[in-house]
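Q: Work out the full structure, taking the sequences as your base and the hints as a guide.
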Amino acid sequence: MSQSLFSNYGRSPGEIFGLMSRRSRLGATLVAIPLMWVSWVGHAADTRVVTLSPHAAEMVAAAGGAGLLVGVAAFTEPAVAGKLPVVGDARGIDREKIISLQPDLAIAWLGGNRSGDVEWLRKRGIQVYESDPRQLDDIPREIREIGLLIGTASEAALTAGPLEKRISGLSTARDNQAPRRFFFQLWHRPPMTFGADSLVTHALARCAAQNVFGHVPRTSFTPEPEALKTATVDVEIIPRELGGATPLTAAPVTLRVDAEAIYRPGPGFIGAIGELCDELRAASIAESER
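Sequential numbering of the sequence shown, starting at -19, is according to the numbering used here.
I should point out that these hints are in silico values taken from the structure, not numbers from a laboratory.
From a predicted model like this one, the values you see are computed outputs, not experimental measurements.
The C-beta atom is built at its ideal place from N, Cα and C for all residues, glycine as well.
Hints are not guaranteed to be accurate.
[Claimed, not checked] Restricting the straight-line Cα-Cα distance to at most 20 angstroms, the calculated cross-link-like pairs of lysine to aspartate or glutamate (EDC-like) are:
hint: 1; residue 1: Lys145; residue 2: Asp258
hint: 2; residue 1: Lys77; residue 2: Asp97
hint: 3; residue 1: Lys145; residue 2: Glu255
hint: 4; residue 1: Lys103; residue 2: Asp74
hint: 5; residue 1: Lys77; residue 2: Glu99
hint: 6; residue 1: Lys103; residue 2: Asp84
hint: 7; residue 1: Lys145; residue 2: Asp118
hint: 8; residue 1: Lys103; residue 2: Glu76
[To be verified] Simulated DEER-style distance windows between Cβ atoms:
hint: 9; residue 1: Gly96; residue 2: Thr226; range: 35 to 45 angstroms
hint: 10; residue 1: Gln115; residue 2: Gly47; range: 26 to 36 angstroms
hint: 11; residue 1: Ala230; residue 2: Gly91; range: 30 to 40 angstroms
hint: 12; residue 1: Ala225; residue 2: His195; range: 45 to 55 angstroms
hint: 13; residue 1: Gln190; residue 2: Arg94; range: 32 to 42 angstroms
A: Have a look at this one:
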């Protein structure tokens, strides 16, 4: 597997997607920014930023702050990371390295980074923004928030606006098609899939794709073998990152997709979901014409 979120944080799929189900602590909207952040707005030239997860660096870059990054997490996309020093990975942050970089702001992953590390940063006087998109709309919202914090609000808006339109387009397309029931083979040893709390479940629902296990109040889990046998599935989605994994359901259609970006809850996630929606739509048309 290439630099997917599975490998870059060294966690099991269940742990990874369990971390994608909590909310950002900054606030639901820009007008809800706490007073502690007011002094930060508009100081891009003075802000030194470290990111503590791969998707966090992508969010900063999308907000127009790539030039403000002084340190990134392991396995951050090379196009964003460049030759910047690595300040941590799934095991924790490199505290000595962070001290030497003298950052003003750290972008963490709520639940994805160790709470002790986050509290250590705050005690050192480093402000922390905790990212954790749960809905598609949260991604452009967080980009705007980060842009406001680092003084690149106009650049952030240039990125967030098209992403918001892409999300709106998914909802429009949903109105013109019948729901498709899907099973997403998140992992195969043991079998794992997404539940009701998954960002992927919510995102695909925007284009009339219904998770057959969307009633299970979990982010990810291992379904019972009998449930897999009896589930009524239109399409089974299998990431190519799983190699030669075989279908686990009796779905008449199997889609093998490049799911790299789906493993990162950053700006690329929206495009990846859009492409997956297009593939689901094409599969539905092809099946109806048989």
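Q: With a cut-off of 20 angstroms on the C-alpha distance, tell me whether Lys103 and Asp74 pass.
A: The hint holds at about 15 angstroms.
Q: Is Lys145 close enough to Glu255, meaning Cα to Cα at most 20 angstroms?
A: holds, 15 angstroms
Q: Hinted pair, alpha-carbon criterion (20 angstroms max): Lys145, Asp118. Please report holds or violated.
A: holds, 13 angstroms
Q: If you check the beta carbons of Gln190 and Arg94, does the distance land in 32 to 42 angstroms?
A: holds, 35 angstroms
Q: Quick check: does the Cβ-Cβ distance between Ala225 and His195 fall within 45 to 55 angstroms?
A: violated, 24 angstroms
Q: Indicate whether the distance between the beta carbons of Gln115 and Gly47 respects the range 26 to 36 angstroms.
A: Cβ of Gln115 to Cβ of Gly47: about 29 angstroms, so the range 26 to 36 angstroms holds.
Q: Hint check: Lys145 vs Asp258, CA-CA at most 20 angstroms. Holds or violated?
A: holds, 16 angstroms
Q: Do the alpha carbons of Lys77 and Asp97 lie within 20 angstroms of each other, as the hint requires?
A: With Cα atoms ~13 angstroms apart, Lys77 and Asp97 stay inside 20 angstroms; holds.
Q: Straight-line Cα separation of Lys77 and Glu99 no greater than 20 angstroms?
A: holds, 17 angstroms
Q: Straight-line Cα separation of Lys103 and Glu76 no greater than 20 angstroms?
A: This hinted pair holds, its Cα atoms lying about 15 angstroms apart.
Q: Has the hinted range 30 to 40 angstroms been met by the Cβ atoms of Ala230 and Gly91?
A: holds, 35 angstroms
Q: Please work out if Lys103 and Asp84 have their alpha carbons no farther apart than 20 angstroms.
A: Satisfied, since the Cα-Cα distance of roughly 12 angstroms is no more than 20 angstroms.
The structure shown violates just one earlier hint, number 12.
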